[in-house]
Structure formats: C-alpha cells, structure tokens
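This is what each chain is made of:
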Amino acid sequence: MAKVAQRSEPAETEREELISGSEAIAVACKLADVDVITAYPIRPYDTVMQYVARLVANGELDCEYIVAESEHSQFEIVKHASAAGARVFCGSSGVGWMYAFEALTVTPALRIPLVAMVGNRALDDPGAFGVEHNDALAVRDLGWLLVWVDTAQEALDTALIAWRVAEDRRVFLPCAIGCDGAFLTHSQSIVRVPPSSWVRQFLPPYNRGDLLLHPDNPITVAPQVNEDWLMELRKHNDEAMTRARQVLREAYTDFERIFGRTYGNPFFEEYQTEDAEVVLVGMGTLSMPVKVAVRQMRQQGLQVGFVRLRWFRPFPTQELAATLSRFRAVGVIDRDYSFGSPHSSGVLANEIRAALYSAPARPPLVAFICGLGGREVTVPNVREMTELVRRAAAGEPVESTYWIGIRQ
Amino acid sequence: MAEAIATTPLPTLEPFKGVKKVPLGEYFTSGHRTCQGCESALVMRLMVKAAGPRTIVLGSTGCMYVANTTYYSTSWVVPWMHTQLGSSGSAGLGTAAALRALMRKGKLPTEPINVIAFCGDGGGADMGLSAISAALTHTEYNFLILLYDNESYANTDIQLSGLTPYGAHTTFSPPGTAKRILHQRWKKNVAGMLAAGHPSCRYVATVCASYAVEMMNRVRKALSIGGPTFIHSLDPCPKGWDYDPMLSHELGELAVECGIWPLYEVEDHKLKLYGRTKGIAQGRSKRRPVRDYLVRQGRFAHFTDDDIDYFQAKVDEMWERWIIPGVIPFASEITNGRSPD
Ligand SMILES: Cc1ncc(C[n+]2csc(CCOP(=O)(O)OP(=O)(O)O)c2C)c(N)n1
Ligand code: SF4
Numbered sequence: 010m011a012k013v014a015q016r017s018e019p020a021e022t023e024r025e026e027l028i029s030g031s032e033a034i035a036v037a038c039k040l041a042d043v044d045v046i047t048a049y050p051i052r053p054y055d056t057v058m059q060y061v062a063r064l065v066a067n068g069e070l071d072c073e074y075i076v077a078e079s080e081h082s083q084f085e086i087v088k089h090a091s092a093a094g095a096r097v098f099c100g101s102s103g104v105g106w107m108y109a110f111e112a113l114t115v116t117p118a119l120r121i122p123l124v125a126m127v128g129n130r131a132l133d134d135p136g137a138f139g140v141e142h143n144d145a146l147a148v149r150d151l152g153w154l155l156v157w158v159d160t161a162q163e164a165l166d167t168a169l170i171a172w173r174v175a176e177d178r179r180v181f182l183p184c185a186i187g188c189d190g191a192f193l194t195h196s197q198s199i200v201r202v203p204p205s206s207w208v209r210q211f212l213p214p215y216n217r218g219d220l221l222l223h224p225d226n227p228i229t230v231a232p233q234v235n236e237d238w239l240m241e242l243r244k245h246n247d248e249a250m251t252r253a254r255q256v257l258r259e260a261y262t263d264f265e266r267i268f269g270r271t272y273g274n275p276f277f278e279e280y281q282t283e284d285a286e287v288v289l290v291g292m293g294t295l296s297m298p299v300k301v302a303v304r305q306m307r308q309q310g311l312q313v314g315f316v317r318l319r320w321f322r323p324f325p326t327q328e329l330a331a332t333l334s335r336f337r338a339v340g341v342i343d344r345d346y347s348f349g350s351p352h353s354s355g356v357l358a359n360e361i362r363a364a365l366y367s368a369p370a371r372p373p374l375v376a377f378i379c380g381l382g383g384r385e386v387t388v389p390n391v392r393e394m395t396e397l398v399r400r401a402a403a404g405e406p407v408e409s410t411y412w413i414g415i416r417q
Numbered sequence: 586m587a588e589a590i591a592t593t594p595l596p597t598l599e600p601f602k603g604v605k606k607v608p609l610g611e612y613f614t615s616g617h618r619t620c621q622g623c624e625s626a627l628v629m630r631l632m633v634k635a636a637g638p639r640t641i642v643l644g645s646t647g648c649m650y651v652a653n654t655t656y657y658s659t660s661w662v663v664p665w666m667h668t669q670l671g672s673s674g675s676a677g678l679g680t681a682a683a684l685r686a687l688m689r690k691g692k693l694p695t696e697p698i699n700v701i702a703f704c705g706d707g708g709g710a711d712m713g714l715s716a717i718s719a720a721l722t723h724t725e726y727n728f729l730i731l732l733y734d735n736e737s738y739a740n741t742d743i744q745l746s747g748l749t750p751y752g753a754h755t756t757f758s759p760p761g762t763a764k765r766i767l768h769q770r771w772k773k774n775v776a777g778m779l780a781a782g783h784p785s786c787r788y789v790a791t792v793c794a795s796y797a798v799e800m801m802n803r804v805r806k807a808l809s810i811g812g813p814t815f816i817h818s819l820d821p822c823p824k825g826w827d828y829d830p831m832l833s834h835e836l837g838e839l840a841v842e843c844g845i846w847p848l849y850e851v852e853d854h855k856l857k858l859y860g861r862t863k864g865i866a867q868g869r870s871k872r873r874p875v876r877d878y879l880v881r882q883g884r885f886a887h888f889t890d891d892d893i894d895y896f897q898a899k900v901d902e903m904w905e906r907w908i909i910p911g912v913i914p915f916a917s918e919i920t921n922g923r924s925p926d
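Protein sequences appear in the order of chains A and B. When you line the first sequence up against the working numbering, it's residues 10 to 417, in that order. When you line the second sequence up against the working numbering, it's residues 586 to 926, in that order.
Please keep in mind that the hints were generated in silico from the structure rather than gathered at the bench. In this text the structure is predicted, and so the values were computed from the model without any measurement. A couple of the hints might just be wrong.
Taking CB as the label site, the calculated pair distances span [as the list claims (entries may be wrong)]: (1) PRO389/A <-> GLN744/B: 52 to 62 angstroms; (2) LYS855/B <-> PRO204/A: 48 to 58 angstroms; (3) GLY761/B <-> HIS245/A: 41 to 51 angstroms.
The beta-carbon is built from N, C-alpha and C at its ideal position, and this holds for glycine as well.
Pulled out of the complex, with its shape left as it was, chain B reads as follows:
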C-alpha cells in the first residue's frame, strides 16, 4: 500500500501578477454555443485557465452544460462530466473522494489534481444548496464549487431563481397590469450564508469576470488552500438581462461600482474586501447610484422611480447595517470608513 496521506496533495498556484503573466494555454475553447456576450462562458474559460491542465471539471445542468457540450463536440480540453441540476456539491465531493481513496490505496499515482464543480444560480442556490452545504463540511477532500450567477434559470428560458434581483422581469415574473412587480423577494446572500455557516470551510469568495485577473487569482487561491471551497461569480447575461451583448463587462463593473455586488473573500474566517469594493469601503471611490445599473437592462424597464429608490435603500442597508453572523464585522468596519484588512 502506498504511504498513507492525510489528503490528496495540493497544487502550488501562485497568483498571476498582472495580465501579461497569464499563460496563453486554453482549456475551454471553441465549440460552444453560448450567446454572444455571455459572461458565464468567459467565467468557464478563466476558471479553468486559472486551474490549469491537471483539472477535472464537473458541471451541473444549465446553460454551461447545454450550450457548451454538444454530443460529438465539446469545448472542454480537460476532463469534464455532467452532473444533475442539484448535484454540484455531490459531484465535487464524490470525485475528490475517489481521488483520495485511489491515491491513498496506491491505485492511482499521487499528484495534485484540481476538482472543480460548477453550478448555476438555480442549481446552486435553490435545489443544490443542501448538497453544497454538506460538501463544504467534508474538510478532508479538496475541491472548489463555483456558482456562476446569471440571476435566472437561463437555460430553461429565463425563469426567476432565488438569486434573481427584486422586481426583475423573467418569464416567471412578467410585469402585468394588476401586479407590476411579481417577484418581490430579495436575492439570497449565498456566499455570506456559506461562509457564515461552514466554519471549517477555509475559503469563500465573490468574483466578477469584468475583473479577470482578480477573478482567476481567487480561483487559484481556492484550489490551493485545501479542503472544500466556494466561489460565487456574478455573470451578466445579455439574453436574460436584455441589453446589448457588447455591454457585458460594463454591466459587471457597474454591479460592483453601484455596490450591488461586493467583491470579498473570507479566508480562514477573515473578511477581505478587494478591488473596487475595497476602494468604495475605504472612501477612495464613491458608490454609484443603482439607477446607473438598473436602467441599462430591459429586465428592469418597468421600474418606476419608487422601485429604484426601494432598490437603492436595500443596497444602502446592506452597506450600512449588514453583518454576516459570526464571521464578518462588515457594518462597523464600513461605517468607520475603512475595510477590514
């Protein structure tokens, strides 16, 4: 029997120091059929570029399955396997468990192999949440769960999910004559919930592919820190959000600049804001009004000024009052005008 190892070995993945240091090799390439301007497809590409070739990717049902892998063609250069809509947690866990057993028992050569399981917001924040939560407690296995959040069940034709913003027009929440706002729920805070609720999970982060190098470096850290980790990525979706595809990056930036999508990482229970979010928290740049973000998207075209004000008030509340229980002293740090770290 091979010498017992506590867990599978971890890769050394130093952060890319600037865009010029990012390798040219691609592991998610041509062959996919995503919409023009699809940020989620870019997330796939950056995610696996950051991880490198010794990686296994598991993908739950959704746009990033259906549009990326068509029988007899595939955009994946690394091994890839489909998993069920609610199973990204189980897929990552099962694959990592197999690698650990086989390496521990000498049935496979011992080496670092990255395991990444991704899911959409529907699969990840709704039906798959219990499996992701369970998976994050299994600290002896190394894998990353990446939730790409286009804020809808996009593949089945843009239905609202637990992560769809308040009031957005989806095929399950059209504005009508009796009810202008059919979707009244506020978006779940998945990354915060998972960070707060899984004290043994060493790394949780939010990312946005508009900041590509930052995003890849979060993936590299998640994969090299050990144990199960989680990343939540906000991905503008021209089809579901109804805007010109050339504006995808700009919308991602706006989500961050308006403070709707704070960029942060929770590493060993320590909150770090990063990028633009950190600048805003430290008062170096101003938070833009959410109106700038909302008016650029058809899905909010039915909003009145009152709706925009409500949205703004909720975002302000997050910045002024939110605390992620047990983990993040968010509010006090921000009101003092400085970010933790």
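One chain only, chain A, in its complex shape:
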C-alpha cells in the first residue's frame, strides 16, 4: 500500500480570492458558522443567497437554509430562530425590504440580534433596480444598527463585526449592512478571506443567556404592554443603541488585533482631509468617483477632501461634528431623498445638519441629491458639487439643496 505523505497543517493564513460583495458576505456566513438562513428572491440582494445556497449544497456551510415564501416570513423566521438561540442571517432589497417592514419593526423591539444584508435598490414604482439608499434608511428610526460598506473586503469584515456587536449582551439589536446594488453586490475584487480559527477568536458563540426561549428557561417574550411600560422599554432600547457605540469601538480594536487590518475610526473614513478646506460627505460606493475626482482636483491645487460615513446608526454625532467643523464648508451627497423634509434634502444631509447644530464652529452645508436609482455619479458631477461647496465656503449665496446630474 502506497504510503500517504504526512502533510503538516499549513500555518493558517488569509487567502486571497476574487469575489463580489455579495459573495464576500456569503463567505462571512460560513466563517461565522451561521445556524439559520432564509432566502427570498429580489435583485440585487438575491446574489448573496445564490452564493449561500452553493455553500450549503457543497457542504461548506452547515446551517438550516430555508427558502421562504415572502420577505415577511423570511424575517419572521430568523427573528424566532434567533430568539431560540440560533445565529441568523437574511436580507433583502428595495420593496422586498419594505414588504418585511412589520417584522423589521419588531425585531429590535424584542432585542433580537440578526445580521441582514440590504442590497440597496430604488423603491418601486416605477420598477427600478438600481441603487438608492431609501430602502435601508427606512429603518433608521426603529432601533436597527445600520452600516454602509464600500468594498467586498469591507463587506466581509463588517459582517463579522456586525454579528459581534449585534450579539453582544450590552446591545442585542439587529444590524443591517447596506451594500450598493450592482456597484458592490455584483462587482468582484480581491478579498483577503481569513481562516475560521481567527474568526472564532474574534466572534464568540451567540449566547442568548436569560433571554433564551427554551423549556429550561420558561420566559414570556413580548407580553402585551400599554402606556404603563412602553416608555421604559423604548428607553432600554435606546440605551442599548447608545452602548453600541462603545461596543463597536471595542470590536474594531479587536478586529485589528486579530486580523491585522485596520479601519482607523470605525464610524467614518477620511480621505485627503488633513489640509482640506472643503469636504464632501457620502456613503457607500459613491467613494469611487469622489476619490478619483478629489485626486484630480488636488492636482489642480484645490484643497478638497472626502468623508465616507460607515455607521449611520448609531450616528457618530460628536465625532462627525468635530471633524466637519474643521472645514470651511461641507457638501453632503445623498443617494436617497426625503420628500418634504427640511430644506428639501436627503436623509444624510438632514442628519448631518442636525449633528452640526451644536458644534462650536458650524460650516455652511450644501446638500446634493445624486445617483438615484443607480444613475452613475460621474467625476464631472463631483467637480460640480465641489464648486458649489467652494462658493458656499467663500460666502457666496447658494441654495440649500441641488439635484445633480438631472436632465432639465
């Protein structure tokens, strides 16, 4: 009998793979040893489930994989699975996310950790498949942790961080990861995939403790309350959201220690801001054209920078206000819109205006609506926006909101 060569286990290292943003999150599900996953088709989120399904079919991911009959069921199934102690994942896009809205509403109220991917997509009608952030932003007032990622690498890393933070007993809230439809969900790039042993060091098993729904722990979950208790419960949820800021910082510190990859400030990325006079602010894959434009404009001597917000909930009010008040003017690019809102702006611009209100130095803010429904945000668009911000910095009169790249 031929002797089988003894191979020593190779030292565990990261592997480089060419994968899309959706695939990166599917890989994160495998690394996190997720127990229950539910799927229901809608573009562009469904790509993550196509990868998950393949991992399950090939025996690489050991979970209960349930194809549901609607998004409402999809989110209710994982909500209850999490209550019974399972680590869970699901997601959706656009109107699918809205169809699940009732389930999305009760999940944070019940302090249920759940990690979801939102493949951001415009809300029908008219049927539109391209990216817009209004879908995920709809849960901003409900107690969801909400983060936007920019690259497939960040998607994978953030998913691991999301489970860690969501399942921390101090938090116990669901987390939605915003992934720009097509630009991120469908685009491949090189991703460093960590070995599962590293992930195990970073991500402890989900322990629901005294809130586990099990015959050994016969609790009643969500008994009916009225005015006599509801305010206290809402306040508890708010305290969990407040604590999430610190838990997030700890998670990023640990992430850097174990994976050797640093994200600096967890809440937002600053790009060429050190000596910038004006900055643009935005979320998600917008960063690509903005960064290119910033580099070009800098070659022409314009001192412009970019701040890419990651964590929208909890909102980094103090940190962002401190950073933005360094500049002479701020331009906020929204890939969403809030009809009838203050200054007819997008959601992000309104949040940043609110955050800046109590800042010692309050730079002028110009809001931009751009790239709706997946329309490309071009380098000339970014230059146009920068020019308007520079005019605001110079004290020239500008409007509070501009729609950029729109046909007249």
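Starting from the known structure of chain A, arrange chain B with the ligands on it as the hints suggest.
Leaving out everything else, chain B with the ligands in the frame of chain A:
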C-alpha cells in the same frame, strides 16, 4: 460535532385513555383576562396540557395574545413568545429550525421539544395563510400550527374574517335597512384546503374543545407524528357570538351535532371522521337542524326563515356532495352511509 440527526427527536405522546388519565399539571394557568366562557382560553389550556412541559408556544396577535399576556404577568408556564398577526407559520418554522440547527451542531442538548404556534382565524385564514402553507411544506422540522377559530377578529372588536359564517352580525357586517345580510361569503374550508394542498404534511385535524379528551389526543398525535402539522379548532366566543357564557360547551357540541363543524383528521392522506361526526356519518345519530345552533346566538338574530334554509342547504350540500380534492373521498363514503375507516 454531535452526531448528525435527520431531524429533532420526537416525543412519545400516547393518547389519554379517558378523562381520569389526564395529568393534573397545568401549563396555562391564572393571570389571563379572557371573557367569561371563552372557549379559546380553554383550548390554550388543553393544548399545552396535552403537549406537556417540554414545549415552546408561539402566539400570533389576537385575543389569545392580548388577553393572556399582560406585561409583568403571564398565564404561560412554558416559554411563550409573541409573533406577528400573519406569522404563526414562520414563528413555528423559525423556532423549529433553530432547535434543529442547534441540536445538530451540538450547541443544545438533543431532546424532543414541542413547538406549537397558534393563530386566530383572522391571522391564520387570512393574512397568515401563505406563511402557514409554506411552513407545512418544510417536512424536516417538527411543529404544530393550531388555528383557534372564534369566527371573527375578536380582539379588535369582532370584525368578520374569512372564517366568519355566512350572514353573521359583526362590527364590519351589521344588518342594515338596505342590506340585511352584509356578509355574503361562505366560510373557507381551511383544514381541508391545507390537507389537500400539502401532500407532505402528515397530519391535519379539526377539533372542538367541547370534546376535551378527543381534542387533546389530536394535539398529542400532531406533535408526535413528525414534520409540520395543522389543527383547526372551532371555539365559541360569548362576546362575538352573543350568547350566555355558560352555553359555550353546548354551542360547540351543537356545531358538531348540526354538522356545521365536522370532526375529522387526515393522517398520512387517510381521512378519519371521529366522535359525533363519525356517528352521524354512520347513521348512528341524526344530524340536527342548523336552526338549533343559529337561534341560540345573537349574531344570527336578524336571520329570517329563508336565511336559515339557505344555511341548512349549504351544510347539506357539504355533507352530500363535498370532496376534498385528491385527499378525501368524503361524499361517496357518506352517501353510502358509512365513514371511511
Ligand atoms: C398586521 C396587523 N394588522 C392588524 C392588526 C390589528 N389586530 C390586532 S389583533 C387583531 C385581530 C386578530 O383576529 P384573529 O386572528 O381572528 O384572533 P382573535 O382576536 O379573534 O383571537 C387585529 C386585526 C395587527 N396587530 N397587525
Ligand atoms: S372576545 Fe371571544 S375569543 Fe376573545 S377573549 Fe372574549 S370570548 Fe375569548
């Protein structure tokens, strides 16, 4: 990793042989605020008594949520969790899936744990129907969905649902001067629909708590047979049906005796009539006229003789002509004067 199991282990729940063999332990006790004479509350009590202490109960929004679990008090001795009005199917499925994953992966000790998700007729037969239907196709998970049918959206003040009987007076279907009968639709046949449409579901039954031991034994069979199962219970509701609360059991019996509520189970595609229904089908007792049932309830007080005749004709039609497609040779068996089995 723990040894792989195909599914979570099943409990052994032999039928109770007579009322004296029913254990005294209660898992749904004091602390609730249901109306006097509420049969649905009794159904909760019997359902979980039949299941025993190693049970998780999920309850969708409705009277059996709002009146049974008040913050800082609960009538449930076993773990209980609320689910959304249309989510009893998803709640049962999600909980059973978690148990299966955690036991399979060695994260929880392997043991039989009953999962029961209940819903009212509104939540179950209307908005929750698609989730229940989907849940019944997931054969690798063990759980029971119990629909307690008080024939109205009772909790929100007695509105008509897809299971409200023809012509009943509800707050959404009051008798008026221009339209005496505002609700003209006939009640959906939920148990039959689910039995017929879900060939992999091993057990579907109708029950009535007026026959308590029979009802508990159906629950025990549903929980021990494996896979997802469904039970539909008809529950007289003194508030919504408008009768003296002391008559609740009697009304349940009348519904069965008048043939309005046939008691049957479909086990592995085989129909079995049981109890009074079987007796009627076999000609041992006579089907009573529906009038006996209708006149005892305020919700039918506006009925004329014609309305009662119409109601009777529809019930007769069910007994004489109905077939549940692909599953139940109901009509021919009954016209031959014998019940299948
Ligand atoms: C999505 C949704 N729509 C409406 C309601 C309001 N609601 C609360 S209880 C209830 C009645 C439920 O009726 P049913 O399922 O028949 O149970 P019952 O109250 O009769 O016990 C309704 C409509 C709700 N909770 N959720
Ligand atoms: S309204 Fe009917 S179902 Fe609701 S608690 Fe009262 S009797 Fe029971």
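Hints, one by one, checked against the model:
Here the CB-CB span from PRO389/A to GLN744/B is close to 58 angstroms, well matched to the stated 52 to 62 angstroms. Hint check: LYS855/B to PRO204/A, Cβ distance near 53 angstroms, so the stated range 48 to 58 angstroms holds. Between GLY761/B and HIS245/A, the C-beta spacing of about 48 angstroms keeps the proposed range 41 to 51 angstroms intact.
This entry satisfies every hint, going by the numbered hints stated previously.
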